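There are 2 protein chains.
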Amino acid sequence: MKNGDGVKYRMTKQKRVILEVLKNTKSHPTADWVYDKVRKKIPNISLGTVYRNLNILKNQGEILELSYGKGFSRFDGNASMHYHFTCEHCGRILDIETPEFIEMEREVAKQMGVKVARHRLEFYGSCPDCMTD
Amino acid sequence: MKNGDGVKYRMTKQKRVILEVLKNTKSHPTADWVYDKVRKKIPNISLGTVYRNLNILKNQGEILELSYGKGFSRFDGNASMHYHFTCEHCGRILDIETPEFIEMEREVAKQMGVKVARHRLEFYGSCPDCMTD
DNA sequence: CTACCTGCAAACTTTTTGCAGCCCA
DNA sequence: TGGGCTGCAAAAAGTTTGCAGGTAG
Numbered sequence: 014m015k016n017g018d019g020v021k022y023r024m025t026k027q028k029r030v031i032l033e034v035l036k037n038t039k040s041h042p043t044a045d046w047v048y049d050k051v052r053k054k055i056p057n058i059s060l061g062t063v064y065r066n067l068n069i070l071k072n073q074g075e076i077l078e079l080s081y082g083k084g085f086s087r088f089d090g091n092a093s094m095h096y097h098f099t100c101e102h103c104g105r106i107l108d109i110e111t112p113e114f115i116e117m118e119r120e121v122a123k124q125m126g127v128k129v130a131r132h133r134l135e136f137y138g139s140c141p142d143c144m145t146d
Numbered sequence: 014m015k016n017g018d019g020v021k022y023r024m025t026k027q028k029r030v031i032l033e034v035l036k037n038t039k040s041h042p043t044a045d046w047v048y049d050k051v052r053k054k055i056p057n058i059s060l061g062t063v064y065r066n067l068n069i070l071k072n073q074g075e076i077l078e079l080s081y082g083k084g085f086s087r088f089d090g091n092a093s094m095h096y097h098f099t100c101e102h103c104g105r106i107l108d109i110e111t112p113e114f115i116e117m118e119r120e121v122a123k124q125m126g127v128k129v130a131r132h133r134l135e136f137y138g139s140c141p142d143c144m145t146d
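Chains as they are written, first to last, in our numbering: chain A, 14 to 146; chain B, 14 to 146.
Check before you lean on any hint, since a few could be wrong.
Chain copies aren't distinguished; within one or between two, either way the pair holds.
[As the list claims (entries may be wrong)] Result set (DMTMM-like, lysine to aspartate or glutamate): computed pairs, CA atoms no more than 20 angstroms apart in a straight line:
id, residue 1, residue 2
1, Lys54, Glu135
2, Lys128, Asp142
3, Lys83, Glu135
4, Lys36, Glu78
5, Lys28, Glu78
6, Lys39, Asp142
7, Lys28, Asp45
8, Lys71, Glu101
Quick caveat, the hints were computed from the structure, so don't treat them as lab data.
Small disclaimer: the values here were computed from a predicted structure and weren't measured.
Turn these sequences into a full structure, and let the hints guide you.
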């Protein structure tokens, strides 16, 4: 992979706009959604460039990549640690403001004899708009 | 999709062997690994059949599908609720025997005004064999 | 018998990559 | 100026699907 460890990243128009799009949405968009949105400002940008920059931004710690089922990722312009709630009706993904549940890591480390570096926690259910069922 | 709601599932040799393979491993294999393993017993089985049956077994609640990053799923012959620990060195996935942390669901439901149906929790770090670093 | 299931192969989806020219630092 | 970055298009990788014949119940 290019842009490995000791490589200096450059700022380009493409990267700036991609980051802008991600920072200005609360949705947790797919690469394709970002592509569509960015094309409004840079009509001839290619999907490959979007993917390349999403990976760079992720490596730089500017954004988060959230892998959900099968073949697709979503991206989050908010890189600080937070959990997510997915509405199983409308598909919306909401940020959760709860502080991290770190005690769980200690518990698992002790019980399994492993070293826990991090965890990922996802909640699923119905969002306020979809609770009428 | 075939095999929808009211459809009766049949037991076939293929499905039986696939389930056997999954119940007899503690690894959390990919579809491809299952395919290789099953081919030792049914040499001319097709990958499509493996995928079809993995989906059926998942819908029947016999196995779990675990989606990790990018383009691939892993399957777990242990369908009872449990968390997973992934070793970031060797890639091994271990089952965690901790009871479910259900209080978190209540906490999130109250704070966000949502209805939480379930959650998924994944731990990452170093397993006992890889802790020498 | 008859629906469901199978093998095969082609299609699909999402993401990655090779290349030649471009442009940021 | 040089080494990363770009657009384009082709390729990868994982999964799904259409079809015609096979088989469980």
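Within a copy, between copies, both or neither: where do Lys28 and Glu78 come within 20 angstroms Cα-Cα? Only inside one copy: Lys28 and Glu78 sit 16 angstroms apart there, 35 angstroms across copies, limit 20 angstroms.
Given identical chains, is Lys54 near Glu135, meaning Cα to Cα at most 20 angstroms, within a copy, between copies, both, or neither? Classified as neither: same-chain Cα gap 33 angstroms, cross-chain 38 angstroms, threshold 20 angstroms.
How would you classify Lys71 and Glu101 at a CA-CA limit of 20 angstroms: within, between, both, or neither? Between copies only: 18 angstroms across chains, 26 angstroms inside a chain, cut-off 20 angstroms.
Within a copy, between copies, both or neither: which one fits Lys28 and Asp45 at a CA-CA cutoff of 20 angstroms? within (15 angstroms within a copy, 36 angstroms between copies)
Reference check for the pair Lys39 and Asp142, CA-CA at most 20 angstroms: within, between, both, or neither? Cα proximity of Lys39 and Asp142: one copy only (16 angstroms, versus 41 angstroms across).
When no copy is named, should Lys36 and Glu78 be tagged within, between, both, or neither for a Cα gap of at most 20 angstroms? within (13 angstroms within a copy, 32 angstroms between copies)
Between the shortest in-copy and the shortest cross-copy C-alpha distance, which are at most 20 angstroms for Lys83 and Glu135: within, between, both, or neither? both (16 angstroms within a copy, 17 angstroms between copies)
Cα distance capped at 20 angstroms. Does Lys128 pair with Asp142 within a copy, between copies, both, or neither? between (40 angstroms within a copy, 11 angstroms between copies)
Hint check: a violation occurs at hint 1 only; the rest are consistent with the structure.
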